[in-house]
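Taken in sequence, the protein lines are chains A and B. Counting with numbering that gives the first Met the number 0, you get residues 0 to 491 for the letters of the first sequence. Counting with numbering that gives the first Met the number 0, you get residues 0 to 98 for the letters of the second sequence.
Note that these hints are calculated values from the structure, not bench results. Glycine included, C-beta positions come from ideal geometry on N, C-alpha and C. Accuracy of the hints is not assured; some may be wrong.
Footprint (simulated), chain B over chain A, 3 or more residues, beta carbon under 8 Å [stated by the list, open to error]:
| id | region |
| --- | --- |
| 1 | 13-25 |
| 2 | 29-36 |
| 3 | 266-279 |
| 4 | 456-469 |
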Amino acid sequence: MDKKSKKGISRREFMKVGGAVGAALSLGGAAVAGFVSGRSKDTYTGWGPAPYGEDQFFNRKPFYVDKPTYEVVGKPERIRYLDNIFKRNGELYRLMYAKDGEPKWDLSKGAEDLPEPLKTYYLNNSERLAEFKRAYYKADEQHKNWPKYQDQFFIADAWSTAHSTSFRGRGSFPLEPKGPPEESDFNGVTMKPYPLKSPKHGSELIKKISHTFGATLVGVTELKEEWVYQGYLRGVGKTEFKKPEHWKNVIVIAVPHEWDALYVNPTYGTSYDAYSKLNFVAGKIEIFLRKMGYSARIHVPPVDYDIIVPPIAIDAGLGEFGRNGIVITPELGANTRLAAVTTDMPLEPDKPIDIGIKKFCEKCKICAEECPSGSISMDDAPTKNIRGFKRWDIDQDKCFTVWNSVATSHSRGCRICLAVCPYSRKNNWIHRLAKEVDPYDPSGAFASAMLAMQKNFFEYPGANEYLPPPDGSNKTYGEPPEWLDSSKWFDI
Amino acid sequence: MLEIFSEPFFWIIMGACYTFMFLGASYWAKDLGLKMNVWKWLFTGFWFALLTLTISGGFTLFGENEWRAGYYFLGFLGVIVIILAVVLWRVVKWNPQSK
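Modelling step: build the complete structure from the supplied sequences, incorporating the hints.
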């Protein structure tokens, strides 16, 4: 028989009660720890407490592949600048609002009235010109509707405007290239570079520096000719050109949008926060490289590019193409915003990765189902040949029309396809576990199980609901955080 | 306020709770007449880990404001945990030497 303590409780009873209480408390503690993990801002990768590269936590090494996961189905062609919606829309706006005050074209006119090369482009893509006109009228409607929605969204609007103030033409940094790349990319280079110990040292150094400047993800690769725009070169203007010889390597950086704002797309969200960050980070890398004696040229959002960055990010092993046309990375999901710096600094390239994102996207389709513009392909597999590469089709013109339709002060975008992507969830333990385990399962069974949970457990408003009345009800994907809730701070 | 639940002190307390639980488990097993072996303890440990992850997972989703997902997660995995608990009870009660 057990010895009784002075108070009459045996050691056996004490241990049993202690064990039961310990088990109950540990389960309670697990619940609280889970709740705290779900609430924690520290799991908002890229906005958490780790500026020294810890946010690039995914071990890519087991998934290195020799060839990138995008599929080459023809002779790769360089993208013409008019294939970029912002460049061609810019051309149209410049004709409509000519500097001399005399419009050179208006919406009552057709493609045949446009100057070359716009005329040929729109004669071959007449549906795009029709969509541009639709977007223009929607923008007018949006502008008129703004006073109706302003009370609810004005903090988000001010927040976006603050972020966008740094963009080129509105601020002073980073500097716009002037003159040919052979001159402008060397502006500020005053010394010959010290001999690097090896290209590997170069890559490691520039990655560490980029992280301290604020880049969440950094990758390095050689620049392929097919990723260079054709027909327009910043600093020079409209011109046909070859890839400059000193554009040898590319440093690709990625940052996420602020996560709370991302989840409340399309009306509270904004692209400008990430764009602003990328401008500053890339601008600092550019200056750093030039001070080290190397050429450097930044390629930054919203429109200042001479190269197309997403496939370069794939070459550099940051991620893979998703159905929504976004590079999806293991750390940031579809909340991955990119910029790049071309340089002649000797760098060791990273390898591309295959973590099964394409296979997941084939099954998932959540982004396509939730897209208010219906511009994301519902095809099971990529089918469209885009300049020699097989891709899921994105109707960028329809997408832009929705930018001009949602309840924002002007066309600030939508980004629902970024927010609803299952890879874009917070990096707390439960979602991170799913993301880390899935790539190791070649059968795809784990991904299917996760996707079944994703589709059945989580709530999605439905594509039309994101639009203003009468088409929808101004829904956002998530609930607005208190700092974007104007009624919390103002008497409205 | 919630920050204290991610402080090291919280995890020290959690460690103490687990220690009490492990120490008390063998007394419970003896008093319930269970003939435990390594495999039975491992199975029990696996079940308790699954229970912990289910609770923690559900509350993580609550913390993210994904209330519906949290309830579904607790409900779906909770049923699996209860079924496994019945299986576990039969396994730990099973004693081939008593036949």
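Verdict on chain B covering the region 456-469 of chain A, criterion of 3 CB contacts below 8 Å: This one holds; 3 residues, not fewer than the three required, reach chain B with a Cβ under 8 Å.
Would you check chain B against the region 266-279 of chain A, counting CB to CB pairs closer than 8 Å, and say if three or more residues qualify? This one is violated; 0 residues, fewer than the three required, reach chain B with a Cβ under 8 Å.
Count the residues of the region 13-25 of chain A whose Cβ falls closer than 8 Å to any Cβ of chain B, and tell me whether that reaches three. holds (count 11)
Go check the region 29-36 of chain A versus chain B for me, would you? Three or more residues, Cβ under 8 Å, otherwise it fails. holds (count 8)
Checked against the numbered hints given earlier, the structure breaks only hint 3 and satisfies all the rest.
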